[in-house]
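*Asks:* Sequence:
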Amino acid sequence: MSDIPNLIQAINKDRELAVEVLTKLPQLIGSDQMVTFDLDTPVEVPSIPMFQRQLSAGNLGTRVGNLEALSRGLIQEVDDISTEVGLDRVNPFWSPLSLNNDGDIDRTEILFRAEVEDGVRLPFDGYYELVVDRQFEGDAARVGGWMLPNYTEQVEARYTGRPNYNETINANTYQLTTGTRTRTRSYTRRSYRVGHYYRWLRWRRRKRRVVVTRSYTVTTVEPIVSSLEGSMVAQTFKPAETRVLTGLDVFVDRPGAYFNTASPRIILCETAYGQPDMDQVLAHGTFRENATLAYDSSSTSRQQQLCNVDLDRPVLLEGGKSYAFVVVADAHFYLGRTSNTDKTGGLFYTQDGAAWDQNLSYDIGFALRFATFNSASEVINISPLSLSGGIASIKQDLLSVVPEGGEIRTEFELGGTWLSVDDVDQLNSLPAHTPMRLVLEGTEKVMPLIDTTRSKVTALRPAEQMRFFSSERPEAQEVRIAYELVGFVDEFHTFDPALQTSDDVRHTPSMIEVKESGDGNVRSVTAVYELPSSSAYKHDIKASTSTAAKVFDISSIIELNT
Numbered sequence: 007m008s009d010i011p012n013l014i015q016a017i018n019k020d021r022e023l024a025v026e027v028l029t030k031l032p033q034l035i036g037s038d039q040m041v042t043f044d045l046d047t048p049v050e051v052p053s054i055p056m057f058q059r060q061l062s063a064g065n066l067g068t069r070v071g072n073l074e075a076l077s078r079g080l081i082q083e084v085d086d087i088s089t090e091v092g093l094d095r096v097n098p099f100w101s102p103l104s105l106n107n108d109g110d111i112d113r114t115e116i117l118f119r120a121e122v123e124d125g126v127r128l129p130f131d132g133y134y135e136l137v138v139d140r141q142f143e144g145d146a147a148r149v150g151g152w153m154l155p156n157y158t159e160q161v162e163a164r165y166t167g168r169p170n171y172n173e174t175i176n177a178n179t180y181q182l183t184t185g186t187r188t189r190t191r192s193y194t195r196r197s198y199r200v201g202h203y204y205r206w207l208r209w210r211r212r213k214r215r216v217v218v219t220r221s222y223t224v225t226t227v228e229p230i231v232s233s234l235e236g237s238m239v240a241q242t243f244k245p246a247e248t249r250v251l252t253g254l255d256v257f258v259d260r261p262g263a264y265f266n267t268a269s270p271r272i273i274l275c276e277t278a279y280g281q282p283d284m285d286q287v288l289a290h291g292t293f294r295e296n297a298t299l300a301y302d303s304s305s306t307s308r309q310q311q312l313c314n315v316d317l318d319r320p321v322l323l324e325g326g327k328s329y330a331f332v333v334v335a336d337a338h339f340y341l342g343r344t345s346n347t348d349k350t351g352g353l354f355y356t357q358d359g360a361a362w363d364q365n366l367s368y369d370i371g372f373a374l375r376f377a378t379f380n381s382a383s384e385v386i387n388i389s390p391l392s393l394s395g396g397i398a399s400i401k402q403d404l405l406s407v408v409p410e411g412g413e414i415r416t417e418f419e420l421g422g423t424w425l426s427v428d429d430v431d432q433l434n435s436l437p438a439h440t441p442m443r444l445v446l447e448g449t450e451k452v453m454p455l456i457d458t459t460r461s462k463v464t465a466l467r468p469a470e471q472m473r474f475f476s477s478e479r480p481e482a483q484e485v486r487i488a489y490e491l492v493g494f495v496d497e498f499h500t501f502d503p504a505l506q507t508s509d510d511v512r513h514t515p516s517m518i519e520v521k522e523s524g525d526g527n528v529r530s531v532t533a534v535y536e537l538p539s540s541s542a543y544k545h546d547i548k549a550s551t552s553t554a555a556k557v558f559d560i561s562s563i564i565e566l567n568t
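In our numbering, the protein residues as written are 7 to 568.
Just so you know, these hints were derived from the structure itself, not from any lab. Only a predicted model underlies this, so the values are computations on that prediction, with no experimental measurement involved. There could be a bad hint or two in this list.
Have a look at the derived ranges for each label pair, beta carbon to beta carbon [what the hints assert, rightly or not]:
no.: 1; residue 1: 434; residue 2: 135; range: 21 to 27 Å
no.: 2; residue 1: 21; residue 2: 522; range: 39 to 45 Å
no.: 3; residue 1: 166; residue 2: 413; range: 36 to 42 Å
no.: 4; residue 1: 471; residue 2: 382; range: 21 to 27 Å
no.: 5; residue 1: 137; residue 2: 410; range: 25 to 31 Å
no.: 6; residue 1: 475; residue 2: 434; range: 55 to 61 Å
From the three backbone atoms N, C-alpha and C, an ideal C-beta is built for every residue, glycine too.
Throw the hints in and build the complete structure from the sequences for me.
*Replies:* Here you go:
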C-alpha cells in the first residue's frame, strides 16, 4: 500500500497535463501563432492556421514529423490518463484499439494470454499451476483451509473463577439468518521486466520512467448460510492488542445426553454499535469433546467444564476492536455464566439473530486462545514448480490476510540462490524445475495468514510465434497506425504488422517509420497503409522471438486520422 501516495501524485500530475492540453486546444485551432504546451518537457508547435499558411514555406517533412510526434504523444498521454481515472476515450481524429477483454482481444484463456490488463503478447505455450500449501506437514500449521507458521497457543482467561450459574439455550425455531464471511484478498502481481515476459508494463513518457503496480487488495463479502434456529446468547469482547485467534475455551454445564442432540456451535463475528453483527461473520467454531461431560440429575449440582472450541480458520483480531462469539444449539444446552469480570464486553440474548438485548451484569465464562509464533520471520517450503520445456515466468495469486507491517514474499531457487519473484527477470535459462518457498514477516504475536484453497503460483512459458487478429474496423482506404513496442530487441524479435481486408488479402505498410526511446526500451512504429479501395479491415500482426525467455509487448495500437 506504500505505492498509493505515488500513484495519487502521478494521477494528479496526469490531470494537470490533461488540463494544460485541453486549455491550449482553442489556441491550437483558432490562433495564428506558436502555441506552447507546458508539459514535463515543454513543446512549442504552430497553430493549425499558422501551419496551413506556412505549408509552402519549406521544411514540410520536419514540420509534419514534429506535429505527428506531438499528436502521438498527446494521444498516449490522454489514453493513460483516461485509463487510470476510468474515463471514456473519445476523439474524432484517433482511435486506440481496446486491447482487453470484450474488446479487440480475448485474455480469458490462459493459453492465449493470462492476466494481461491491456496489450498484445505472445500466447502461452504451456503453464503449470501450483496450489500454495506446505510441502511437508511439519513445515507450517493449518487451521481449516488456512496456513500459518508453526505456533504455540497462549490462553488468555476472561474469567476469575469457575462459574456457578447457567445460561440456557432453548430449542425453538426462529427465523433463519444468513451470515456473510468477509475476505480480504491481498494479491501480488509482479512486474514485467524488459527482455522477459510477465505482467503489463505501463510506460510513462515524462521523465522516462516505468510505473508498475505491484500489489493491490480486494475485499469481498461472500454469503454463508448458517442455520440459526433457536434462542442464542452471545459474548462481546475486545483484544488488548492485535493477535491471531486460533480458538476459544467456553464453560459448559451438565450437557449430559443433550450434548449430541443440541449440536452446539459457535459463530465468531464483528460487532456494530456494540452488539453482535451477524452480517459480518469471521469464522465458525465447533466444541471439542475433550471434557468430562457427565450429567448429574441434581438440579442444584454444577459440573462446569471448560471445553475447547476449534475455529474453521485463524482470525486476525485488531487490538481495541470489538468482536463477539455467538453460541447456537438445536436443543437444551447450558453455558457457564459469571459476573461481569471482563470489562471489555458483556452478555447478549437474541431469538432471531438480529435484535439483541444486553445484560452488562454477566459474562459467559470463556478464554481466548492466541497463536504465539517462534520468530518474527518464518520460512514455509511449498511444492516445487515444474514445467516441461522450461519456465519463463512466474506469477502468484495469494488470498491472504497480512497484518500491518507484515509481508509475504514468494521465492524461487535459481543456481543455489533464493530470489524473490520480483527478480523473476533473471530466469533467462528456462529451467524445467525450481524449488519454491514463502517467507513470512511479522512479529511473534501476528503473522500473515494464507488461504490455501484460493492461493496459487503459476509457472508460464510463452510460445515463440504469434499471429493476432483484431475485430473488424470501419471502412477506410488510407490508414495511418502507430504501434508501441516494449522490450523489442532486433537480435531476438520480429514484428510484422499488416491489415487484412474482407477478401482475406494481407496488406503490408506502404511506408513505415521507426523511432527508439532514449534508453532503447520503447520502440514507436508508424505505418501507413494504402488499401486498393475503401473497405473494412482487421489488424493482422505477426510476431516472434528466438527464445521464450525473451519476449516483447505491443503495448498500444492507435489508428491516427481515421
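*Asks:* Of the hints stated earlier, which fail here?
*Replies:* Hints 2, 4 and 6 contradicted; others consistent.
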